[in-house]
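Asks: As a plain string of letters, each chain reads:
4 protein chains.
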Amino acid sequence: MREKLRSIIEDNTSKKGKVFDYFIQVLIFLSLTAFTIETLPNNSVKTINILKNFELICVIIFSIEYVLRIFVSKNPFKYIFSFYGMIDFLAIFPFYLQGAYDLKALRAFRIFRVFRALKLIRYNKALNRFHIAANIVKEEVILFLVITSIFIFIASSGIYFFENKAQPEIFTSVIHSGWWAVVTLTTVGYGDVYPITIGGKIFTFFILLIGVGIVTIPAGLVASALSKAREIEEDNDKNK
Amino acid sequence: MREKLRSIIEDNTSKKGKVFDYFIQVLIFLSLTAFTIETLPNNSVKTINILKNFELICVIIFSIEYVLRIFVSKNPFKYIFSFYGMIDFLAIFPFYLQGAYDLKALRAFRIFRVFRALKLIRYNKALNRFHIAANIVKEEVILFLVITSIFIFIASSGIYFFENKAQPEIFTSVIHSGWWAVVTLTTVGYGDVYPITIGGKIFTFFILLIGVGIVTIPAGLVASALSKAREIEEDNDKNK
Amino acid sequence: MREKLRSIIEDNTSKKGKVFDYFIQVLIFLSLTAFTIETLPNNSVKTINILKNFELICVIIFSIEYVLRIFVSKNPFKYIFSFYGMIDFLAIFPFYLQGAYDLKALRAFRIFRVFRALKLIRYNKALNRFHIAANIVKEEVILFLVITSIFIFIASSGIYFFENKAQPEIFTSVIHSGWWAVVTLTTVGYGDVYPITIGGKIFTFFILLIGVGIVTIPAGLVASALSKAREIEEDNDKNK
Amino acid sequence: MREKLRSIIEDNTSKKGKVFDYFIQVLIFLSLTAFTIETLPNNSVKTINILKNFELICVIIFSIEYVLRIFVSKNPFKYIFSFYGMIDFLAIFPFYLQGAYDLKALRAFRIFRVFRALKLIRYNKALNRFHIAANIVKEEVILFLVITSIFIFIASSGIYFFENKAQPEIFTSVIHSGWWAVVTLTTVGYGDVYPITIGGKIFTFFILLIGVGIVTIPAGLVASALSKAREIEEDNDKNK
Chain L
161 MREKLRSIIE DNTSKKGKVF DYFIQVLIFL SLTAFTIETL PNNSVKTINI LKNFELICVI
221 IFSIEYVLRI FVSKNPFKYI FSFYGMIDFL AIFPFYLQGA YDLKALRAFR IFRVFRALKL
281 IRYNKALNRF HIAANIVKEE VILFLVITSI FIFIASSGIY FFENKAQPEI FTSVIHSGWW
341 AVVTLTTVGY GDVYPITIGG KIFTFFILLI GVGIVTIPAG LVASALSKAR EIEEDNDKNK
Chain U
161 MREKLRSIIE DNTSKKGKVF DYFIQVLIFL SLTAFTIETL PNNSVKTINI LKNFELICVI
221 IFSIEYVLRI FVSKNPFKYI FSFYGMIDFL AIFPFYLQGA YDLKALRAFR IFRVFRALKL
281 IRYNKALNRF HIAANIVKEE VILFLVITSI FIFIASSGIY FFENKAQPEI FTSVIHSGWW
341 AVVTLTTVGY GDVYPITIGG KIFTFFILLI GVGIVTIPAG LVASALSKAR EIEEDNDKNK
Chain Z
161 MREKLRSIIE DNTSKKGKVF DYFIQVLIFL SLTAFTIETL PNNSVKTINI LKNFELICVI
221 IFSIEYVLRI FVSKNPFKYI FSFYGMIDFL AIFPFYLQGA YDLKALRAFR IFRVFRALKL
281 IRYNKALNRF HIAANIVKEE VILFLVITSI FIFIASSGIY FFENKAQPEI FTSVIHSGWW
341 AVVTLTTVGY GDVYPITIGG KIFTFFILLI GVGIVTIPAG LVASALSKAR EIEEDNDKNK
Chain X
161 MREKLRSIIE DNTSKKGKVF DYFIQVLIFL SLTAFTIETL PNNSVKTINI LKNFELICVI
221 IFSIEYVLRI FVSKNPFKYI FSFYGMIDFL AIFPFYLQGA YDLKALRAFR IFRVFRALKL
281 IRYNKALNRF HIAANIVKEE VILFLVITSI FIFIASSGIY FFENKAQPEI FTSVIHSGWW
341 AVVTLTTVGY GDVYPITIGG KIFTFFILLI GVGIVTIPAG LVASALSKAR EIEEDNDKNK
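Protein chains in written order, with our numbering: chain L, 161 to 400; chain U, 161 to 400; chain Z, 161 to 400; chain X, 161 to 400.
Treat the hints with care, since some could be wrong.
As the list makes no split between identical chains, a pair holds if one copy fits it or if it spans any two.
[As the list claims (entries may be wrong)] In silico lysine-lysine, PhoX-like type, Cα no more than 25 Å apart, as pairs: (1) K325 x K175; (2) K388 x K298; (3) K325 x K212; (4) K298 x K279; (5) K238 x K325; (6) K298 x K178; (7) K212 x K164; (8) K175 x K234; (9) K178 x K325; (10) K164 x K178; (11) K212 x K234; (12) K361 x K388; (13) K398 x K388; (14) K361 x K325; (15) K178 x K206; (16) K206 x K238; (17) K361 x K164.
Read the hints as simulated data drawn from the structure, not as lab findings.
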């Protein structure tokens, strides 16, 4: 019995396993759509009731899925504390919390329902390749996260130094200037904050010349590691 | 006769085939230019008449081209339902619809004329290489489209959670917040919507740090696959 | 005599050749600085006179350099119509035109002086590698320029269709909408033009998802071709 | 004794060396946090006093570290004039200057304290790989810095030519237009300056089409060089 269930839930190559997977995927998609509609203003009472009931059904099914996954797992604790185990838990947990204590403050936990979206990634062929690639460039990506953080800090401090007197309400402190640093170095540039002094503009010029590259290098690293991961996979297939 | 026509229409290495190809390319270009001029305000009646007549001539020629392509094709149905067959059809279809029912509502279909532009891609040497590359990275690109969609959804939900109370008319619902997510993650940053709360700004910081990379990785993947495709082509040429 | 001059002007490995090269480079840099200062408002009469005289000296030296380069060249016509020959000519030509006809309309030609900046690239080691790389990816870059142009046209037509009624003074015609398409697809996003209708925003969403990649792929191609070019150079060095 | 100290300070593989390293890292982090808090407005007198005292302790410890590093170094002068030696000096120097002359003008030097952040990079595994990569692409990166500079200059001159008459207070001179060139070519696009004339918009179109690629190519080069550097490291590990 447990073996049979495992073949359905964990093995997505069997026919029944595929049906189960597609069913869960469609339900995740519908449940996220329901969440999105819920946030629309001016929903009729009828719509709200339908959405509430649908959410109840979703939570029940996801809860059964979660319990079953623990049940069929050879090592339940490993599953519970795995990445997907945590996601599966976070996707249903807020609902029960809300049920236990009907406090308005807890409504904020509803936002955790969006983590269900992460469950969708489970069903993708290329994901394995992505894991290999992530392993290859782990160290470089960490190095660049450190360098990016340092760069954002230096940019924030520098622009604070130049612009604080000219625009004290925007560049109030190094922390406030951090918002400018992030929006500028990622090249988003909303236009809500920008330097107006000559010094600040020249500083921005140098920060951008070096900084834009630093922020985009990790993406290039991941892309090239993914190409490498595919080659490794192809080599493995040939050697088989 | 049919063989001869095929050598002109389908074979773009023969001299007559080249002349035919260049003629169609120039006509596509002129017809798109005419479409562009048509949208200008304050066109004189004379200009409008010239453009209408030119469009009539273009449609007639493209229709003849379309019929001929079906006629010379060894497998007409394969051509009709191929990518270029559909484009060729979409490029003339709106005109006939407009002729049959002279309704204002149908004028919107004129926009389909722009699909003619896609016909221009047919005539490019490196296109074959692009097809090989697209095949290599198909799975990764799909993975990243899925991840990007999930990321845009999580970003929209998160910013809705932080900014909804502060800017209810902009971050009205998760769907409305989606506009912010797209404009921010692609680093366009028009500046029409941006977070103003501390929570929203910190959330944006983390979303940008991870998200900017995710959005630019597919471009890196395609670029590296194109390099690979060229190598494959070169290897094939050597082995010949 | 001509041989000796050639060793100074064309050969930048000899000691005298290096001195000549550095002298020209410094002069280009100073002449561009002078041009920049000239555009500043509120220059004193004295400053303007100094700048005019310095420009006269620069043009004389660059003219002598140009004549000498023709004189020492083994094939003068090849030099004159080469990329650098044209740049060298454009860098001095506007001055003589200005001298011959002292018309205000011709002052616009002064802008051609900035082409002197391009002369500076001549003196760079890695330039050869760049030529090899440009040759490798020529076809792909052309393909992407064609695709980008088509994409910008389709984006312009589409947004015109969606936004023309809502913002007739901004999205007046397909040509006017082109400004939006360029600023959006390159992710600059000044914020002077952006869609406000639901249809326009959804259209922008799809255009950005596909378009941002298309615009950044050529840069990735050039970067990977430059890596390839370095490998080719290294292989050549080993085989020597 | 000096040998023993060296094993603690310079060797970060021994247990005591690791403890020393972590201690310094944590102190750097805390000292930068203190600097950030110091810039916040409305700090209480008590907070300011705590921060001042903490800064004093930090400077004392960093000074001891600096002196010890000189003491244990086999070649003190090499350390003092090395990249990290200079950073270590700049991180404490402003404090002593401030102590000697209690002038308000010197308070600006406090900004140099942020250079402490750069000390944090020292402790990263992948840094060696980054040095190899930097060596590989040095020439190309310099070439692209030159090309980028030239491009920014030509863009500034061109937009000045087109927009100066229409927006004289923004595009006042080539130097003022440089701000637009930097913000546009890095695709930040704050929206504080943008062309409004037809000529300026068409010019921007061409500048963006070529320029966006030029600015992003160096990042691609570094990313691909880092992949190469990893391969070199792996080959070295295999040969051992």
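Asks: Which of the listed hints are not met by the structure?
Replies: 1, 5, 7, 9, 11, 12, 15, 16, 17
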